[in-house]
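Protein chains in written order, with full-length UniProt numbering: chain H, 1 to 579; chain P, 1 to 175.
Source of the hints: derived by calculation from the structure; they are not laboratory data. Computed from a predicted model, the values in this text were never measured in an experiment. One or more of the hints may lead you astray.
Computed cross-link-like contacts, EDC-like style, restricted to lysine to aspartate or glutamate with a CA-CA straight-line distance of at most 16 angstroms [unchecked claim]:
| hint | chain 1 | residue 1 | chain 2 | residue 2 |
| --- | --- | --- | --- | --- |
| 1 | P | 140 | P | 99 |
| 2 | P | 175 | H | 197 |
| 3 | P | 17 | H | 125 |
| 4 | P | 169 | H | 168 |
| 5 | P | 175 | H | 196 |
| 6 | P | 17 | H | 128 |
| 7 | P | 87 | H | 125 |
| 8 | P | 169 | H | 196 |
| 9 | P | 175 | H | 432 |
| 10 | H | 62 | H | 432 |
| 11 | P | 17 | H | 132 |
| 12 | P | 175 | H | 128 |
| 13 | H | 124 | P | 91 |
| 14 | P | 87 | H | 128 |
| 15 | P | 87 | H | 132 |
| 16 | P | 33 | P | 14 |
| 17 | H | 75 | P | 123 |
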Amino acid sequence: MSARFRLGMSLAQACQDLGYKGEIGYQTFLYSNEPEIRSLLMFLVEKLPRESAETSDQPAGKSVLLQKAIADQIKAQLAVPWLPPTCRLPIQCKTQSRGPCHRFSSQPLSVPYSLKVPQNKQSKEVTEYYRDFLPAATAQPSQPISVPASLLELHASELSAAQEWESEWNSQGLLSRLTPEEYRSRKRSRLQRRIEEQLRAAAQPRPDAQGAQRSTSDLAELLQSFGGASAGGDILTKGTRFTHTEKFTFTQEPEKSVQQMAAAASSLPSSRQSEEDLRVQQQEEIAALQQQLHQLAVQMEEVGGDIRHLTTSINQMSEELKELEKSNTENEELVRVKKQTIDLLPDGENNLEKLQNLVEASVMRLDNLKAQWEKHKAPLLEEQRRLKELCSNQEVESTRMLAEIKELHDKIRQSAEEAKKKEALYKQLLTEYEKLPKDVSRSAYTMRILEIVGNIKKQKEEITKILSDTKELQKEINSLTGKLDRTFAVTDELVFKDAKKDESVRKSYKYLAALHENCTQLIQTIEDTGTIMREIRDLEEQIETENSKKTITNLEKILEDYKAIRQENATLAAKIKEA
Amino acid sequence: MSTLQLLNKIPAAECLKFLHRVVDGVCGRSYPKRTDYGETWTLSQWSELLEALSALFRVIVGKKCSDTELLSVLEESHAAAVCQCVKSRQEEIHQALVERTNAISTTQLQDFDWQMKLALSSDKLSFLHTPLLTLTLDVKENGKPRPVTIEMNREELQTLISAMEAANKVVLQLK
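Bound conformation, chain P alone:
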């Protein structure tokens, strides 16, 4: 029995909603919660089904083909639901796949945050008045998130910005 056939266990009306939640997961948000469907599938079935569905969506959108062969194991209403779901979310899944392709190197930047701080005084100087920037980079290294935090004063920040601008110029030249 194919894992996709597990999908036949829920009624067609709920199926579409479930599929949309799975697509949310593919696009980087949260997958559906197992507690909501706890009585329908066992734990191993649940994980297998989620994996199979994710792969299915990726294949259908990534190769631009409607896999009727793969869908033939499903009941007709469920297959139609899958088709409809793919059609409505095509753009988003495509975007997610492009993001995956972009993340080709071992380390990539996920997000960044910054905080501006003004040091008024220190234990040695009563009047310091130095602005400090705390830059937090959320880096994904080999699939694991790793935060990198740097504190810079004005000159160091200037150096960083000029380096970034030089890099941007190179990118613009490539276009």
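Looking at chain H on its own, in the form it has when it is part of the complex:
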């Protein structure tokens, strides 16, 4: 209840903020009556922004038009009643059938043309197969429905493979300067090496010998199943990634293992009876070989350590050698300078003088050069400044021009856009205009309007007639009262004159006065009755309006709400007490 009250208050506040003049409060919403709500709604509708008028001016894009068309189509189709399949006409079949609902499932196809093998290199058997036995591509899939799917799939896979190869060849293959075949083989070997490394690294933490033995046997099975030897094997032996990894780890070289496998397979059927002996023998052999392997590994490690040691010492030696050579050249330089000085020493004074002369001459020459440089410098500096100024001027000019050009471009673009928009709008409006029904006659509307106007005129005439009648009546009444007054005054005078003489006339005068008084009273009463009647009518109208306000029910509602609020308050108080 309190929530409703609050909501009503906030609504009233909002309406007042919008500038609603009339009386408004929570009661307007909680205990509403028709006229108030009507006036409020009219005010609010007037306040609504005129958005619709603006949006209709904007040209609708193609997508909007398309959507409209789709929506129209769907609406039309929904409006068509559903018919049982046997009763459908061909038109309804198109819209009411369930449509194509088979799934996209493809099967591998075999086609004579292949990207991998050139046409002329194909062997005789292959060409014979293509000629005699290969069915047409449309007959190959088991269901005719999957023909398009299979064809699409084949084409897409070939296309994507070719694209991938091309991009790779252009980005990496050309740089490696190999022929495509060499590049391919190199890549294949690199990938194989990489896979081996990965698997070996992943299975490193389980090097125990028994596990390894078991794994190799597992691997043999797995390889056999891959090779296709397993008889019923539609489903391969599945396992977690880890077990697969483990199994793969112990293959040294794929070819070698395949050979081993082949040997094992061929030996299996022939030597079934001596299997036990063979197993024992094999295990012994394996143990011996493992021991040997171990020894070799130890030796390997030792030799590797030695090699490492030696390489480090070689490096050290070469560095030392370099340092020694450097110091040697420095020393040689030093020795040369010292030798020259020693050569000059014996004729000391002379040499000193020569040296001084030389120094003085060079100082003189330096001064001379400086003066010359100054002379050259001034005009050059001037020139530079001038050029700089010119340059900056030009730059300013060019930036200004650039800005102008940009502005012009913007303007052009804007105008083009506007023109496009306008054109689209024009087109849209044209289509809308064409869509509008042409047979709406203006004359019907004008006829109705004219009729209404005539009615109004008639009513007006009647009103004026009534008004003039009333006026005439009033005039008559006035003239009659005037006449009466005058007649009374004359009669009064006449009778009064006679009354002084005659007793009976005095009596009649008295009667006259009484008659006059009674008549005025009567008129007064009639007028009073008229006013009272009018008041009664007013009051009846008021009662009607009050009745329309549903005061009683509203009061009942208010009472109920009051009770509800009290109850709420009580419960809240109880809660507070509990808390």
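With chain H fixed as given, assemble chain P onto it according to the hints.
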């Protein structure tokens, strides 16, 4: 009697055609229909023969050896037919075997399909205008096909695509 000897029952001229149909089956298309050869073999013989031939083709191509020992049970013309068939279809069988090896995990994607839908309105909104993508993945799980259908809106599709691109990048790095 080896099951392969059952092959001797049909004439050598028809044998080659039959073998090619069997290879079609190995490569993922349909095997030959039994109704066409109904009077030649019984049902059990038929299934045994198909299995044996499939295994034979896989072994010969997978191990790159001509199994003359296995073929010795056949008549000469039939053995020659088998050899010729293998020679002409070597590439395809090899491809099929590679596919089998690729399908090493328990679940693998067989095929996918997508549909683009534009929801114009719903029961609550008169103007919805939301594109929706229905992606159907045909997944093979433990040998049984299982369709997985997902419906995504624009943002979800974007997330999926970026995840796929990240995965592709990782694959490219491995190469």
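Hint check results:
{"no.": "1", "hint": "P:140 x P:99", "in the structure": "13 angstroms, holds"}
{"no.": "2", "hint": "P:175 x H:197", "in the structure": "14 angstroms, holds"}
{"no.": "3", "hint": "P:17 x H:125", "in the structure": "13 angstroms, holds"}
{"no.": "4", "hint": "P:169 x H:168", "in the structure": "14 angstroms, holds"}
{"no.": "5", "hint": "P:175 x H:196", "in the structure": "14 angstroms, holds"}
{"no.": "6", "hint": "P:17 x H:128", "in the structure": "12 angstroms, holds"}
{"no.": "7", "hint": "P:87 x H:125", "in the structure": "6 angstroms, holds"}
{"no.": "8", "hint": "P:169 x H:196", "in the structure": "21 angstroms, violated"}
{"no.": "9", "hint": "P:175 x H:432", "in the structure": "60 angstroms, violated"}
{"no.": "10", "hint": "H:62 x H:432", "in the structure": "14 angstroms, holds"}
{"no.": "11", "hint": "P:17 x H:132", "in the structure": "9 angstroms, holds"}
{"no.": "12", "hint": "P:175 x H:128", "in the structure": "37 angstroms, violated"}
{"no.": "13", "hint": "H:124 x P:91", "in the structure": "14 angstroms, holds"}
{"no.": "14", "hint": "P:87 x H:128", "in the structure": "11 angstroms, holds"}
{"no.": "15", "hint": "P:87 x H:132", "in the structure": "15 angstroms, holds"}
{"no.": "16", "hint": "P:33 x P:14", "in the structure": "14 angstroms, holds"}
{"no.": "17", "hint": "H:75 x P:123", "in the structure": "14 angstroms, holds"}
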